[in-house]
Amino acid sequence: MEKQQVIELKGITKIFGRIVANHDCNLSLYNGEILSLLGENGSGKTTLMNALAGIYCPDAGDIYVNGEKVRISSPHDAYKYHIGMVHQHFKLVDTFTAVENVVVGLTKKDYEEIAKKDGTKAQGFNLKASANRITEICNKFGFKLNPWQKVNTMSVSEKQTLEIIKALYRGVDILILDEPTAVLTPQEIEKLFDVLRAMKKDGKSIIIITHKLNEVLEISDRVAVLCKGEVAGDILTENATEKILTEMMVGHKVDLNINRMEIPTTGERLIVQDLSLNGRDGRKVLKNINFTVYGSEILGIAGISGSGQKELLETIAGLNRNTQGTIIFHNPKKEQPVTFFHKNIKQIRELAAQGKFHLKGKKEPLSLVGKTNKEITEMVNKEQIIFYEDEIMNLKGKKPIEIRDLGIKLSFVPEDRLGMGLVGSMDLIDNMMLRSFRKGKGGIVHRNKPAALAKELVDELEIKTPSLHTSVKKLSGGNIQKVLVGREISTRPKVLMVAYPVRGLDINSSYMIYNLINKQKEKGSAVIYVGEDLDVILALCDRVLVLRDGEVAGILNCKDTNKNEIGLLMTKKVEERSEENA
Amino acid sequence: MPELAQKQKVKKVRNPLFHIARRNEVPTWFVFVVKLSFILGALLLCGIISFLVSPITLDEMPEKFISYYIFVVEGTFFNMNTAFSTLWNASLLLIIAAAITPAFKMKFWNIGAEGQVLMGCFGAAIVMKFIAPSIPNFLALILMLVLALIFAAAWAAIPAIFKAFFNTNETLFTLMMNYIAIGLVAAFSLKFKATGSTALGVLNAGTHAGWMPEIFGSSYLIGIFVIINLVVALWFYLKYSKHGYEIAVLNGSVRTAEYVGINVKVVTIRTMILCGAVCGIAGFLLVSGSSHTVSETVVGGRGFTAVMISWLGHFNPLEMVLYSVLNAIITVGSSNAAANLQYSGEVANVLSGLFFLLILTSEFFTNFRIRFNLRQFFKSKNEPPMSEGQTPKAEGGKQ
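Sequence lines, in order, name chains A and B.
FYI, my numbering numbers position 548 of the first sequence as 548, with every residue one higher than the one before it.
FYI, my numbering numbers position 135 of the second sequence as 1135, with every residue one higher than the one before it.
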């Protein structure tokens, strides 16, 4: 087939407030080709495609479809020009069946156009006929989908299939996929790529938005790279290598290696036994979870999104208390002195009454009865009060504040940065004291120490902010994450839990976060890392725990495993079930 | 794909005339200039409308063009008495606006200030009617304050408790509590109405028991002084106290608050009790300082106007000073202008409503910018549709 230009974008510019999302972007697309749109998060890939799909109206620039200048002001408009987009967050009605989702919003005129394109008779609203047409499309391109299945019973990959079919049903010739592989397992990605190749053979053009280099090289014919809102250039895939593409993306050379430090672990730190959690609807979200994390170790947690990763971390952090099982925290305190960093005087008195301490150099239990607070303070400062044994505490059923009051340094960097970790409307300083604002006497908050900490973090982590008094929500994603991780690490945690810490971050910031996590490991912390990029988990973590449907599918040693093995563990059961359904 | 191109052969492509974009980091001087120009513009508009609706001819009143402004100033700052009265009105509005602000800051939409203040008035009036005549005046005032505090705080605590434990909708709940309070007060004043009247009437008119003492010839001064101190205290509370910090966290997200160990139920109820207590003080000052009685209309809608003042002041009690003073000047001044220029008092209400609507509009211009693309708009209109298959030349990209 002769190569023909189907889409041309000329000088597209889109500005949000002060942020220039796209500046003077030129891009063309030919029929029967797969074009990858590559760029870091925030480089303007999605914005540019949204302009093409009718979500945004560009501030300047023109769009040409088949050489015709057009103005696309809504997604319905885009379908008129046979352009369809599958968004990263699917736009489906959960309680509808697949076929209902496909036909929703179609007008009589749309049906007529579709029929005209097919060369058949217009059918109007007829779910059975539509279902038949869906099955035809499935057979043509090699999809698997039951038209009568409800969306809320579908897996993520099935939902994505449905979104693609929805576009194809409307006669789309140009399909845009926004980060289609982010939520899929390696096996599902292969299936998706097969379908895309079949569509390409049929003469359709496909644009894939992604930031994963290996996928770009595998699937696409041509790569266009966006850097800071501008098109840095395009290149035929056969001429591209990972190195070239990265340099185009970032604008300078980067080192793409994560160093996994091989250091001996320092004993058990967190032991989770038979942990189960009931969700709101009574279904078990976590089922008999068992694992142990050691000091100086990074335990990765992998799984399809929604397999219980979030719930597991939140349960350990004390946010879900409707649980069964035990969460044991092991504080390596044997023969170590007590410090005020962990305990206050009242707690020291209580522990002494239980005979947990001895005086330095003596064997018999220490009694603090009759001693004044001042005397105890002096003894602690001179490191004279020594633990007999390691401290062992059960965190199950304890609130976050109770855990902290026990002197346990447990840090949690949640997935939802502004909804849970930080308060977006407050400035950097106020966010620093989120977990410590009660300290100090009186009813007035003391902002000196948080201000010093904020300044230190801004300098050390190169946080880009106009001032310390800027609302956190005005910072970029990477800087927000640095503020959060920096604050959590500044408490010198014994256990650090991080959930999707590099989501939405550019390459440089991501590597900075990996380094920070590695440093914590070096300092003896036990780190639990929940991530979605299996390559990163394999490179960064010591062991990886695979969650599947709220159960531990396996714990593997990162040195002895590979992506495929993890991928199989992630999905095995899902596939079994979908076969039952079929 | 020839069939594709055919469908859209003749199609006019028009660029939008303007679009709206959000401003980032607006400098203070810019906000000041926009606000000031809107205030002046609103004043101008009020003057023009006033000129147009007044039946007085230019012969009768040569200065009619600026008469509105003359009567506004005359009605508000003509002499010490009117000036104090204006400031008193402004202060009452200010304290109620400041009172509901802590609740607003934690996204508890308390629109029940009207009822809470009224309950404060009710409490104060009960003491005034039944106890005050038989005890020393300072004791009577203290008792009035205590009962006003208890009544109003309880009135605010009820919806807060329901919100905390049953997650009821606070907006509807506080609104309904207003009507209950109004009903209670109406029943009370009917039961104990003055002889020959349908209302309670001025209490202790002879003995002045439970009346706020006058200093420098004004019974408002003590009240105004108390209110200024309270407003500064509330500002300090919100900005520098641990409680204020907790409220700010709750404003961000309830989940964050729970995670950092803030007891959301406690903060909700505590903050609403504080709101109610300050409303109670407002009610007490209103009864002892100026109304000396209680009736269903004694609060006069200030509880609702306060919602607007609180929003206009961006939940900063100090910023609210400006808007409450403006409100007092415009409402009192407009009714004075209406009386003198011989048009209906309802028109005066329309004027003050219009005035604040315009000031609210200024918020849009400080937050957003409108960018016109006139050239593109008209250019695109005249552009002939491009013929099939023709590749367009690269122009008109950057603008």
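Please keep in mind that the hints were generated in silico from the structure rather than gathered at the bench.
These numbers come from a predicted model, not from an experiment.
Note that beta-carbon positions come from the ideal geometry of N, C-alpha and C, so glycine has one too.
Among the clues, some could well be false.
[As the list claims (entries may be wrong)] Cut-off 25 Å, straight-line C-alpha distance, at most; resulting in silico cross-link-like pairs (BS3-like, lysine-lysine):
1. B:K1035 <-> B:K1129
2. A:K474 <-> B:K1239
3. B:K1129 <-> A:K473
4. A:K360 <-> A:K371
5. A:K474 <-> B:K1105
6. A:K473 <-> B:K1107
7. A:K439 <-> B:K1239
8. B:K1265 <-> A:K396
9. B:K1035 <-> A:K441
10. A:K144 <-> A:K109
11. A:K399 <-> B:K1242
12. B:K1035 <-> A:K346
13. A:K559 <-> A:K523
[Said to hold, decoys possible] Here are some of the chain A residues that sit facing chain B, going by a computed Cβ distance under 7 Å:
14. M420
15. V423
16. M426
17. G443
18. V445
Tested hints:
Between B:K1035 and B:K1129, the direct Cα distance comes to roughly 46 Å. Violation of the 25 Å bound is thereby established for this hinted pair. About 21 Å separates the Cα atoms of A:K474 and B:K1239, which keeps this hinted pair within 25 Å; it holds. Between the alpha carbons of B:K1129 and A:K473 the distance comes to roughly 54 Å, so the proposed pair goes past 25 Å and is violated. Using a Cα cut-off of 25 Å, the hinted pair A:K360 and A:K371 holds, with the two alpha carbons roughly 17 Å apart.
The straight-line distance between the Cα atoms of A:K474 and B:K1105 is roughly 20 Å, inside the 25 Å bound, and the hint therefore holds. Taking the CA atoms of A:K473 and B:K1107, the gap is about 18 Å. The hint holds against a cut of 25 Å. Our distance criterion of 25 Å between C-alpha atoms is met by A:K439 and B:K1239, whose separation comes to about 17 Å. With a C-alpha separation of about 23 Å, the suggested pairing of B:K1265 with A:K396 holds against the 25 Å cut-off.
Annotation: proposed proximity of B:K1035 to A:K441 is violated, straight-line Cα distance about 41 Å (limit 25 Å). At most 25 Å may separate the alpha-carbon atoms for a hinted pair to count; A:K144 and A:K109 exceed this at roughly 29 Å. For the given pair, A:K399 sits about 20 Å from B:K1242 by alpha-carbon distance, which is consistent with the 25 Å threshold. Between B:K1035 and A:K346, the direct Cα distance comes to roughly 55 Å. Violation of the 25 Å bound is thereby established for this hinted pair.
A C-alpha spacing of about 22 Å is found between A:K559 and A:K523, which places the hinted pair at or below 25 Å, so the restraint holds. Proximity of A:M420 to chain B holds as hinted, the smallest CB-CB distance being about 5 Å (cut-off 7 Å). A distance limit of 7 Å between C-beta atoms decides the matter here; for A:V423 the minimum to chain B is near 3 Å, and the interface restraint holds. With a cut of 7 Å, the hint placing A:M426 at the interface with chain B holds, because the nearest CB-to-CB distance is about 6 Å.
With its C-beta approaching chain B no nearer than about 5 Å, A:G443 sits inside the 7 Å limit, and its interface hint holds. Interface hint at A:V445: satisfied, since its Cβ lies 5 Å from the closest Cβ of chain B, which is below the 7 Å cut-off.
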